Amino acid sequence: MNRRTMLVGAGAALVAAGTGVAGWRSAVGSMAQYEAFAAGLRDRLTPDLEAIVRYATLAANSHNTQPWRFQLEGHAIEIRPDLQRRTPIVDPDDHHLYVSLGCAAANLMLAAAATGRTGEASLTADGNGIRYDYLMGEAKADPLANAIPKRQSTRAEYDGRATPAADLAGLERAAAIPGVSLALVTDQGRMKQVRDLVLAGNEDQMNDLAFMHELKQWIRFNPRSAMARGDGLFSAASGSPVLPTSLGRIALDRLFSAAQENEKYARQIDSSAGVAIFFAERPDHDHWVRVGQACQRFALAATSLG
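Residue numbers (our numbering): 30 to 335.
Keep in mind the hints are simulated off the structure, nothing from the lab.
Since the model is a prediction, treat every value here as computed from it, not as a measurement.
Each hint should be verified, as a subset may be incorrect.
Claimed, not checked - DMTMM-like, lysine to aspartate or glutamate: derived pairs with alpha carbons at most 25 Å apart:
#1 LYS221 with GLU201
#2 LYS245 with ASP111
#3 LYS293 with GLU232
#4 LYS245 with ASP282
#5 LYS245 with GLU64
#6 LYS293 with GLU167
#7 LYS245 with GLU292
#8 LYS293 with ASP120
#9 LYS179 with ASP233
#10 LYS293 with GLU243
#11 LYS221 with GLU232
#12 LYS179 with ASP155
#13 LYS293 with GLU310
#14 LYS245 with ASP196
#15 LYS293 with ASP315
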């Protein structure tokens, strides 16, 4: 427990004392309810189209904004950007948004094939969305599809063990998408260089008031808020205490610092087996989508390896 956790915990105790246990639970909900809610989202894949879309929404996405809309039409599924969920401060050119759409497309294609809907994905005619056209046939088993409900973004330290060369090669194969290059950094010296860039970038962002204001809009400080909104960054997932939304925002303003976050990021990178960096050949919607597909497939392959 660090000083920030102690201070927030003390504040939470005072609020709980003032409102009573029932009032506190009403304000924040319970982790048991949240875990049941999350388990429902990750329930097994069924043959219906709605389940395929549900699996698509389990993809990694920036700030967990869920920045997509799905349209079902005949033997086609379209993924369109939800521009009301843009993050214009951290992502002014929408490349995070289109990478997120690519991640969803990767899940969609795997889940569709697993239910007998094999097809091809391409940009829509206007270049702003993704269209998956499919034909009905035999279901195709794929370890990556099985990994979809198990994959999660981890905000924790790792055990520092090296990844076997055969596994690294398998990850590269899974992530091979035309128009995307992958750099796997496992050398400790180069990882430290990447770490220093991450820390410098984080410090710049956290000193930007506009960035912090935008970030705050996407943080869910308690299970009730996370379930009601179905999006955003649940603070408990990064080790922060559960708080009523109003108290959480005060705590963020007063106790959230670049130095503390940098210490955490440094520990996470230093304890990692490596860093995967994806490069698009061109800065356009098509290639950002491809980066998302490659990144998601990489993460699913890593999940399938355990």
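Each hint tested on the structure:
Pair hint LYS221 plus GLU201 holds up; C-alpha atoms about 22 Å apart against a cutoff of 25 Å. This hinted pair checks out: LYS245 and ASP111 have alpha carbons roughly 20 Å apart, not beyond 25 Å. Straight-line distance between C-alpha atoms of LYS293 and GLU232 comes to about 13 Å, which keeps the hinted pair within the 25 Å bound. For a cut-off of 25 Å, the pair hint linking LYS245 to ASP282 stands: about 9 Å separates their Cα positions.
Restraint check for LYS245 and GLU64: satisfied, since their Cα atoms lie roughly 23 Å apart, inside the 25 Å limit. Taking the CA atoms of LYS293 and GLU167, the gap is about 47 Å. The hint is violated against a cut of 25 Å. In summary, the hint linking LYS245 to GLU292 is supported, as the alpha carbons are separated by about 20 Å, within the 25 Å threshold. With a C-alpha separation of about 23 Å, the suggested pair LYS293 and ASP120 falls inside the 25 Å cut-off, and the hint holds.
This hinted pair does not check out: LYS179 and ASP233 have alpha carbons roughly 33 Å apart, beyond 25 Å. The suggested pairing of LYS293 with GLU243 holds, with an alpha-carbon distance near 21 Å, which does not exceed 25 Å. Taken as a hint, the LYS221 and GLU232 pair is honoured in the structure, with Cα atoms around 16 Å apart against an allowance of 25 Å. For the hint pairing LYS179 with ASP155, the CA-to-CA distance comes to about 34 Å; that exceeds 25 Å, so the pair is violated.
Restraint check: the Cα-Cα separation between LYS293 and GLU310 comes to about 32 Å, which exceeds 25 Å; the hinted pair is violated. Restraint check for LYS245 and ASP196: not satisfied, since their Cα atoms lie roughly 38 Å apart, outside the 25 Å limit. At most 25 Å may separate the alpha-carbon atoms for a hinted pair to count; LYS293 and ASP315 exceed this at roughly 34 Å.
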